[in-house]
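Just so you know, the protein sequences line up as chains R and F, in that order.
Letter by letter, the first sequence follows residues 1 to 300 of the numbering used here.
Letter by letter, the second sequence follows residues 1 to 211 of the numbering used here.
Lysine-lysine pairs mimicking DSS-like chemistry, simulated, CA-CA at most 30 Å apart:
(1) R/130 <-> R/212
(2) R/212 <-> R/181
(3) F/83 <-> R/40
(4) R/40 <-> R/130
(5) R/212 <-> R/195
(6) R/274 <-> F/83
Here chain R is said to cover these stretches of chain F; the calculated rule only asks that three of the stretch's residues, wherever they fall, bring their Cβ under 8 Å from a Cβ of chain R:
(7) 30-36
(8) 136-145
Just so you know, these hints were derived from the structure itself, not from any lab.
From the three backbone atoms N, C-alpha and C, an ideal C-beta is built for every residue, glycine too.
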Amino acid sequence: MTEQAGSGRRATGTFPVKRGLAEMLKGGVIMDVVTPEHAKIAEDAGACAVMALERVPADIRRDGGVARMSDPEMIDGIQAVVSIPVMAKARIGHFVEAQILEALGVDFVDESEVLTPADEAHHIDKYAFKVPFVCGATNLGEALRRISEGACMIRSKGEAGTGNIVEAVRHLRSILGDIRKLTTADSAEQFEWAKRLQAPLGLVQEIAETGKLPVPLFCAGGIATPADAALAMQLGAEAVFVGSGIFKSDNPAPRAQAIVEATTHFRDPQILAKVSRGLGAPMTGIGMDEEFIKLAERGW
Amino acid sequence: MHDPLPGTVDGTVRQSAPLRIGVLALQGAFAAHVDTLTRLGATASEVRTPPDLSGLDGLVMPGGESTTMSKLLSSSGLFDDLKGMISDGFPVFGTCAGMILLATEVLDGRPDQRSFGAIDITVRRNGYGRQVDSFESDLDVIGLDSPFHAVFIRAPLVTACCDRVQVLATYDDHVVVARQGNIIVAAFHPELTDDGRLHAQFLQAVAVGSQ
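Excised from the complex, chain R in its bound form (with noise of 0.2 Å):
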């Protein structure tokens, strides 16, 4: 068994070991749970993560006050009953949430905007972590600033909390599309796009060239229904969130199992037909009015 001795040295934390966690989630659905029994729950529907909150988005929105990281004590308790990656979510710019929780081992920070920022400057120095971070962005300036932070994967924020698909859709559309206009801008052109943007040059000239951000995209905010994972999959996110969208609707389990079916499936109508059936109502949802608190505009 032991024919080669070759066992060089051993790096962790390195940004292409985070980076390739991110890579592992593609395709897949990660899930916003609130206490063990929904992370069983989501993890027997096909869940590839899942992301252990204290209150889903809904309620967050709901209950108005400071939204923090979760207690330790109940990530312990969901990491003790699942096998699949768990990830948990800091504060922007709160570094210290964020060491907790790569103390505690969680799989993935997420560094966002649905809980209270802390720093209203000041995104977290993610170099400085072995833990890797995905962060929230609504346009392509906002991704490459993450980016070049550290962040290993991008999520477009959406609206959390509403079951509205609608912004998720305007994020997606706006990063994507931005992207696809600079792979046909020339030299000197890159120069305004990443003045613009407010981006480093350097990831401006590399999306140009390769015509992708150099980490995934997946998408969160406002996925209800299979039909919305698959229309964020067919806009070209490559895996999605779900936050409320599953808890907050009338039957969980079934609806976990269908949103993963037609995340794998997206392209394919008649399975997306096959999956959407009979799954009771979804969460009730909101509109935006000029009233609403838009949490996507947290970060900068």
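Based on these hints, arrange chain F on the given structure of chain R.
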């Protein structure tokens, strides 16, 4: 179940027709495998339902979540078709979760988790620990003239390996690349680096065919 391999004539590789390699695309890092295989001159396609298997010379099972893939293999109907093809000698290259799916025994899996039992190894899911323990390192691999840079992500740990299995690389005394007949497995992710040599070895195995 599958036709005789087209790239082969008396065990020699015919250059004219590119090999047709499917990549299981239910969940995980399938796109990176498609890119690597395409770069090596194969015709790579994504496999999500049984019709996608027709006309393939071989298959890659990528990294990702093995529990998720196991469920989707059953619900899509792919599991039974693939099981039959594999027992008829269909070549498969499994990386990380793909290695778990191909193993005979899976430890720390879900009770309902299915695997193909195509290579006589026992693997422990997440045997190297959580993501903060994931790592990269150089490895010596039999058949490659210089080390291969390997990226391990929440990797499965091989805890037992039958004599029939050919060990191609080890790391800290655990098997990390192995072959049994037309089945090749790696505990890490060759698709995450620019090094296509392990994929090339698989394509060579596909071209030479099951004897």
